[in-house]
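Colleague: The residues making up each chain are set out below.
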Amino acid sequence: MNRIRAMDSLISLKNVVITLALTALTLPLVSHAEQSFRTRAHIDQQLTASTDDIKAEINFGRNIAARILGRLPLLKDEKLTRYVNLVGKSLALHSARTEIDYYFAILDSSHVNAYSAPGGYIFITTGALMQMEDEAELAAVLAHEIAHITEKHIVNTLKIKANDNSTTAGIGQILGASTNTTKAIFTQVVDKAINILFEQGYQHQDEISADSVGLELLATTGYDPMALPRYLSRLQNNLREHPDNASSTHPPTQARLTNLTAIIEADQLHTLALPKATDRFKHYVTYTK
Amino acid sequence: MLLTQNRTTTAHRIIFIAGIALLFATSLATTAIADEYHYRNSLIGDRAAGLGSAYTAVSDDPSGLFYNPAGIVYASGANMSASMNSYQQTTLTYEDVLGNQYDWSRNSSTLLPNFFGIIQPLDKGIFGFSYAVPNSIKEDQDQIFPNITASIDRFIINFNNEDTTYNFGPSYAIEINDKLSLGATLYMHIRQQQRTSNILLEYGSGARFWSNEYYELEETGFKPVLGLMWTPKERISIGATLSQINITDSETTRHETCEGASTIVYDASSFCQSSQIKHRVRIDTTKSDQPLNLNIGVAYFHSKDLMLSGDISYYSSIDSTTDPKESVINLAIGAEYYINPRMVLRGGFYTDMANTPDLTTNVTAYNQSEHIDLYGISASLGHFTRSSSLSFGLSYAMGTGKAQMISGDSTLQDATLESLTIYISASNSI
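For the protein sequence lines, the chains are A and B, in the order given.
If you read the first sequence in the numbering used here, its first letter stands for residue 1, the second for the next number, and so on.
If you read the second sequence in the numbering used here, its first letter stands for residue 1, the second for the next number, and so on.
Bear in mind the hints are in silico, worked out from the structure with no lab data behind them.
There may be inaccurate statements among the hints.
Claimed, not checked - One-sided excerpt, in silico: chain B residues whose CB lies under 8 Å from chain A: (1) Asp60; (2) Tyr74; (3) Ser76; (4) Thr231; (5) Arg235; (6) Lys304; (7) Asp305; (8) Arg342; (9) Val344; (10) Phe384; (11) Ser387.
Claimed, not checked - Distance condition first, Cα-Cα at most 30 Å in a straight line; then the derived DSSO-like pairs of lysine-lysine: (12) Lys278/B / Lys138/B; (13) Lys124/B / Lys161/A; (14) Lys152/A / Lys304/B; (15) Lys159/A / Lys89/A; (16) Lys304/B / Lys161/A; (17) Lys192/A / Lys55/A; (18) Lys159/A / Lys124/B.
Every residue gets a Cβ at the ideal spot worked out from N, C-alpha and C, and that includes glycine.
The following block holds chain A by itself, in its conformation from the complex (with noise of 0.2 Å):
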C-alpha cells in the first residue's frame, strides 16, 4: 500500500517537475552572459552550419510563412509579384547567401511594413509600397529584409539548427534528454520568431545591421544607394501625420537615419550616380497613397 503511495507521490512529481520545465521553455529569450575562458572544445564543432542546418532553416522559414500569411492576407496581383520577384531576385543574386531561393510576395495590408522569414521567404505589404515613389526604393527595402536572412538574425536569436540525428543524439532521446516535446518546442520558437516579426521587433543592433548590410548590397546590385534613408525620411514625416501605420517593430528612424548617413559619407555612396528606375516602378506599382 505504501508502496502504491510511493510511487503515485512519483508520478506526481515527475508530472510537476515536467509542466514546470516546459512552462519555463516558454519564456521570452535573452542574451546572457559569458566569459570566454569557460568554452570547452566541443562548441567548434556547434559553431559550423552544415547543410541540414540550411535545409532546417528553409523549413522553419516556411512554417513562419505560412503563419504570416495566416496573419495578413496575400495579394493577389501577378504582375506586381513578379515585379517585385525580379527586383528581389536581383539583388538576392548580390547577397552573401546565394545557396538559398528567395521568394517575394506582397501582402495586402495598409500597415507599412515588411517581413522575412528564415531560408528566403520576404514579404512586404501594399501600405509600403504606396510609400514608395521609385524602385530603388522598393530595392532598398527588399535588400534590407534580404540582409536579416544573410545575417541569420531569427537563426541565431532561436538558434535554429538541423536535428542531431547522430547514434550518440538517438541514445540521448531515450534517455530523455530530448524527448517527444521536440514538437511542442518547434511550435513555441516558432511562436517566438513570429512574436520577434509582429510585435517585439528586432533587437536594435540587428536592425543596424540589416541596414548596413542592405544598403551595400543595393549599391552592390546597382541601385541608387541614398534609396533607402530617402525612404526611410519620407516615411519618418508620413508617419507624424498618418501614426497608425507606424510600425512597431522597428527602432526610432531617427537612429537608422543617422547611422545610414555614417556609413553614406564613410564610403562616399552619395557620389554614386546610379538610377532610381522611377518610370518602370510606377509602370508596375500603381497603387496611390
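Place chain B on chain A using the hints.
Modeller: Frame of chain A, contents of chain B only:
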C-alpha cells in the same frame, strides 16, 4: 540469500547469543541506515559526477542548478540536461555480528534518473528548474545462520530498507558584473523511507523468538541554496554556496510486533513476553534538525581542452539527544581533458566522511551509530555531437569503520562499505 555454515560451540558464544536473544526480546534490533551517515550518497549531473562533484566553481550547465546556481549565467546556451539511468550498487558488511565468523551483509542496488535540469534566459538573468535525487538506497539483507550455538539452531534475518530523497524546484541567477554572479535555488525537499526488519531465532528446544518491525518516514521541507560565482582573474573561477534543509513536516510510524521465547526470562516491563504476540504502534512528528552546508570551490580553466577543479564542503554539527551529528568536511578534486572536440575524459577524487562520532569501546556505550569514512574515485567519458552529448561514467567509493549492530550491546563490529555507481547521461541543446 547467504547460508552460513560455520559452527562454534564455545561457552562465550552461548552466552553471547543468549544475550542477543534477550536484547531482541526487550528492545528489538537496531538497524543501521547507511546513507543517513553521509552527505554525498549520489553524484549528481554527468559532468559534475565525472569530476568527483568538484563542481561549485564550474556549474556552468544545468547541473549548476544543483551545485551552484550562480554558475548557470555562464552556460553556453539554453539547454536541457539529464543524468539518467544511474545504477548504484552498495555492499555494506558488518563483520562478526553473531560472534566470530558470522558477517552481516546488506546489499543495495538502485536504478533511477537522478537529475533533470533545464535552463532558460529570462529577463536579465537565467531561470532554471531542476530535479535531483541526492540520496536513494534500497538495502536488502536476507540471511540464514544455522547452528550458531548448541542451543540455537537457526537465526534468520530479513531486512529491507528503502530511503530516497527528492529535490525539485526553480532557480534564478543574475550577473552582477563581468566578474560576479549570484544565484539561488529553492528546492522542495521530500524524503520517503520504508524499512522492514524481520528476525527469527529457532532454539534446539523448539522454542522461538520472533520480532518484526515496520518503520516509515514521510518528511517534507524546503532547501534554499544561495550561490556566488566570482572570477578574480581570467581563467580562474571561485564559487561558494550556502544551504540548509528546513523540515516543515515529518512523521514517522513504527509498527513493532514480537513474540518471546520460552527459553528467556523476561521482566514485567519487557515488550516481548513468552508465548504472547505483542503489537504496538508508535508515531512521532518530531522534525529533525539539518546541518548548514557551506561549499567553496575553485576552478582553473587552463584551455579549451583542460580544466581543473576542487571543492571543500563543510556540514555543521547537530546537537540532538536522539540523533546527534558531527561536523563534516569533505574534499573533492576533478580534472577534465578533451582528447578532441568530440571526446572528453573526466576524472575525480572525493571524500565522503561519516557524520557520526567515532565509536567508543566503553562497555556501557550502547546503540552507537556506525562510523565509516568513505573515499571515492570517479571517471567518465563523454561524446559530443553538434547539439547533444552522451556520457558514460562510474564512481567507486570504499571505506572501513566500526558499527554496533546489536541493540543494547556494547560489542563493536568492523564494517566495510563499498559503493559502485555506473551512469549514462545525455544533454541536449534546444
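Colleague: All hints are to be evaluated individually against the structure, with a verdict given for each.
Modeller: Hint check results:
1. Checking Asp60/B against chain A: minimum C-beta separation of about 5 Å stays under 8 Å; hint holds.
2. Annotation: interface hint on Tyr74/B holds; nearest CB of chain A at approximately 5 Å, less than 8 Å.
3. Hint status for Ser76/B: holds, given a least beta-carbon distance of 6 Å to chain A, under 8 Å.
4. Among the interface hints, the one on Thr231/B holds; its C-beta lies about 6 Å from the nearest C-beta in chain A, closer than the 8 Å criterion.
5. Below 8 Å, beta-carbon pairs count as interface contacts, and Arg235/B has one with chain A at about 5 Å; its hint therefore holds.
6. With 8 Å as the threshold, the beta carbon of Lys304/B comes within range of chain A, its nearest partner Cβ sitting at about 4 Å, so the hint holds.
7. With a least beta-carbon distance of about 5 Å to chain A, the hint placing Asp305/B at the interface is held under the 8 Å criterion.
8. Nearest Cβ of chain A to the Cβ of Arg342/B: about 7 Å, under the 8 Å cut. The hint holds.
9. Restraint check, Val344/B versus chain A: the minimum CB separation of about 7 Å is within 8 Å; hint holds.
10. At a threshold of 8 Å, the smallest CB-CB gap from Phe384/B to chain A is about 4 Å, leaving the interface hint in force.
11. The criterion of a C-beta within 8 Å of any C-beta in chain A is met by Ser387/B, whose closest approach is roughly 4 Å, and the hint holds.
12. Proposed proximity of Lys278/B and Lys138/B is supported: the alpha carbons are some 28 Å apart, at most 30 Å.
13. Distance restraint check for Lys124/B and Lys161/A: the Cα-Cα separation of roughly 25 Å lies within the 30 Å cut-off, and the hinted pair is therefore satisfied.
14. Of the pairs offered as hints, the one joining Lys152/A and Lys304/B holds, with about 27 Å between alpha carbons and a cut-off of 30 Å not exceeded.
15. Between the alpha carbons of Lys159/A and Lys89/A the distance comes to roughly 27 Å, so the proposed pair stays at or under 30 Å and holds.
16. With a C-alpha separation of about 23 Å, the suggested pair Lys304/B and Lys161/A falls inside the 30 Å cut-off, and the hint holds.
17. Straight-line distance between C-alpha atoms of Lys192/A and Lys55/A comes to about 20 Å, which keeps the hinted pair within the 30 Å bound.
18. For the hint pairing Lys159/A with Lys124/B, the CA-to-CA distance comes to about 19 Å; that is within 30 Å, so the pair holds.
Violated hints are absent here; each numbered hint is respected by the structure.
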